[in-house]
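Visitor: Counting from 1, position 41 in the sequence shown corresponds to residue 863 in the numbering used here; the numbering is continuous, with no gaps.
Check the hints yourself; a few may be wrong.
Unchecked claim - Computed cross-link-like contacts, DSS-like style, restricted to lysine-lysine with a CA-CA straight-line distance of at most 25 Å:
1) Lys-1051 - Lys-998
2) Lys-938 - Lys-907
3) Lys-990 - Lys-938
4) Lys-1058 - Lys-1025
5) Lys-936 - Lys-907
6) Lys-1058 - Lys-1044
7) Lys-938 - Lys-886
8) Lys-951 - Lys-998
9) Lys-845 - Lys-886
10) Lys-1011 - Lys-976
11) Lys-912 - Lys-951
12) Lys-976 - Lys-936
13) Lys-886 - Lys-907
14) Lys-845 - Lys-938
15) Lys-858 - Lys-935
16) Lys-935 - Lys-850
17) Lys-1042 - Lys-951
18) Lys-1042 - Lys-907
19) Lys-936 - Lys-1025
20) Lys-935 - Lys-845
21) Lys-990 - Lys-1014
22) Lys-938 - Lys-850
23) Lys-907 - Lys-1044
24) Lys-976 - Lys-1051
25) Lys-936 - Lys-858
26) Lys-907 - Lys-845
27) Lys-907 - Lys-990
28) Lys-845 - Lys-936
29) Lys-998 - Lys-907
30) Lys-1011 - Lys-990
31) Lys-998 - Lys-938
32) Lys-850 - Lys-886
33) Lys-1011 - Lys-912
34) Lys-1025 - Lys-1044
35) Lys-907 - Lys-1025
36) Lys-907 - Lys-1011
37) Lys-990 - Lys-1044
38) Lys-990 - Lys-1051
39) Lys-976 - Lys-951
Bear in mind the hints are in silico, worked out from the structure with no lab data behind them.
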Amino acid sequence: MHYTRNFLNNVVFQASFNIDSLKQALDKTIMELCSKLTGAEMVERRLMNVTVSMVESQVSTAEKIPSYVFIGDRFRIHIQNDTLKIIDTKYSHHNDFHPIAIEVLTAFNIQYKKPKITRISLRYLNIIKFPEGDTYDFDGLINPTLLAATLDYKDLGLSRSVGTLNIKGEDDLNVKFIYGYTNPEYPNKIVKREFILDYDCYKIVNDSILDIQPFLMEMKDKINTLFDKSILQGLKDIMNT
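Start from the sequences, fold in the hints, and give me the full structure.
Guide: Structural data, given as structure tokens:
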């Protein structure tokens, strides 16, 4: 279901692969495309990658792996030798986000000759927050089964209350679902009326992907089904106003 408004902090598409040439430089065509889509110039960062050997006679090794980052007002793209990550910080509808992921992955297929992809994922991070009201009052908004443990212990000075569900689907779409009070002021006591619903839907693959759109739609629909199960009519009414 598509609501008039949402509580999404960001939506993230990620593809995992291994492209050795990205350790030296990012392809110019992809660089120009990412710059155009985000409206930002590329920033190159060097991240330390440490390899630890379990054999005593061998010494641990470390190398600096380049990370190519494009940070726009709405879209952000992060590229490493083993990961492509596209972030929408102002998500409104999948018709605005999916074409970005499709265009970038299509360019990867062309420039890097259909790289072998090992994992794809789509993550929706909802931060449901209200400036007023009781800290723990989500009655009529959030499925009570997600609130029960927190409400039983709320008077003991909770600083964080988070639960995790790992869901394995018959369609090979797995979901890691995190919910609760992450508390932006941790380790202080929870005082803000904020509740997260964080869905990371992923699929393990072992091949190149020429058309990502069907996978994006499958993952989106899976997350939407879980989201609708997690909330009650009160929150649905708020998101439709």
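Visitor: Confirm or reject each hint.
Guide: Status of the hints after comparison with the structure:
1. Lys-1051 - Lys-998: Since the Cα atoms of Lys-1051 and Lys-998 sit roughly 15 Å apart, the hinted pair holds (cutoff 25 Å).
2. Lys-938 - Lys-907: holds, 16 Å
3. Lys-990 - Lys-938: Holds: Lys-990 and Lys-938 sit about 23 Å apart, inside 25 Å.
4. Lys-1058 - Lys-1025: violated, 28 Å
5. Lys-936 - Lys-907: holds, 17 Å
6. Lys-1058 - Lys-1044: Cα-Cα ~18 Å, so holds.
7. Lys-938 - Lys-886: holds, 23 Å
8. Lys-951 - Lys-998: Distance of about 22 Å is within 25 Å: holds.
9. Lys-845 - Lys-886: holds, 9 Å
10. Lys-1011 - Lys-976: Status holds; Cα separation ~10 Å.
11. Lys-912 - Lys-951: Holds: Lys-912 and Lys-951 sit about 16 Å apart, inside 25 Å.
12. Lys-976 - Lys-936: Distance of about 52 Å is beyond 25 Å: violated.
13. Lys-886 - Lys-907: holds, 19 Å
14. Lys-845 - Lys-938: holds, 17 Å
15. Lys-858 - Lys-935: holds, 22 Å
16. Lys-935 - Lys-850: Status holds; Cα separation ~15 Å.
17. Lys-1042 - Lys-951: holds, 23 Å
18. Lys-1042 - Lys-907: This hinted pair holds, its Cα atoms lying about 16 Å apart.
19. Lys-936 - Lys-1025: holds, 18 Å
20. Lys-935 - Lys-845: This hinted pair holds, its Cα atoms lying about 17 Å apart.
21. Lys-990 - Lys-1014: violated, 32 Å
22. Lys-938 - Lys-850: holds, 21 Å
23. Lys-907 - Lys-1044: Answer holds: Lys-907 to Lys-1044 is near 20 Å, not above 25 Å.
24. Lys-976 - Lys-1051: Roughly 24 Å separates the two Cα atoms, so the pair holds.
25. Lys-936 - Lys-858: Roughly 22 Å separates the two Cα atoms, so the pair holds.
26. Lys-907 - Lys-845: With Cα atoms ~16 Å apart, Lys-907 and Lys-845 stay inside 25 Å; holds.
27. Lys-907 - Lys-990: Holds. Lys-907 to Lys-990 sits at ~23 Å (cutoff 25 Å).
28. Lys-845 - Lys-936: holds, 18 Å
29. Lys-998 - Lys-907: It holds: about 18 Å lies between the C-alpha atoms, which stays within 25 Å.
30. Lys-1011 - Lys-990: violated, 34 Å
31. Lys-998 - Lys-938: holds, 24 Å
32. Lys-850 - Lys-886: Status holds; Cα separation ~21 Å.
33. Lys-1011 - Lys-912: violated, 29 Å
34. Lys-1025 - Lys-1044: Answer holds: Lys-1025 to Lys-1044 is near 12 Å, not above 25 Å.
35. Lys-907 - Lys-1025: holds, 15 Å
36. Lys-907 - Lys-1011: The given pair, whose Cα atoms are some 33 Å apart, is violated under the 25 Å limit.
37. Lys-990 - Lys-1044: Cα-Cα ~11 Å, so holds.
38. Lys-990 - Lys-1051: holds, 16 Å
39. Lys-976 - Lys-951: holds, 18 Å
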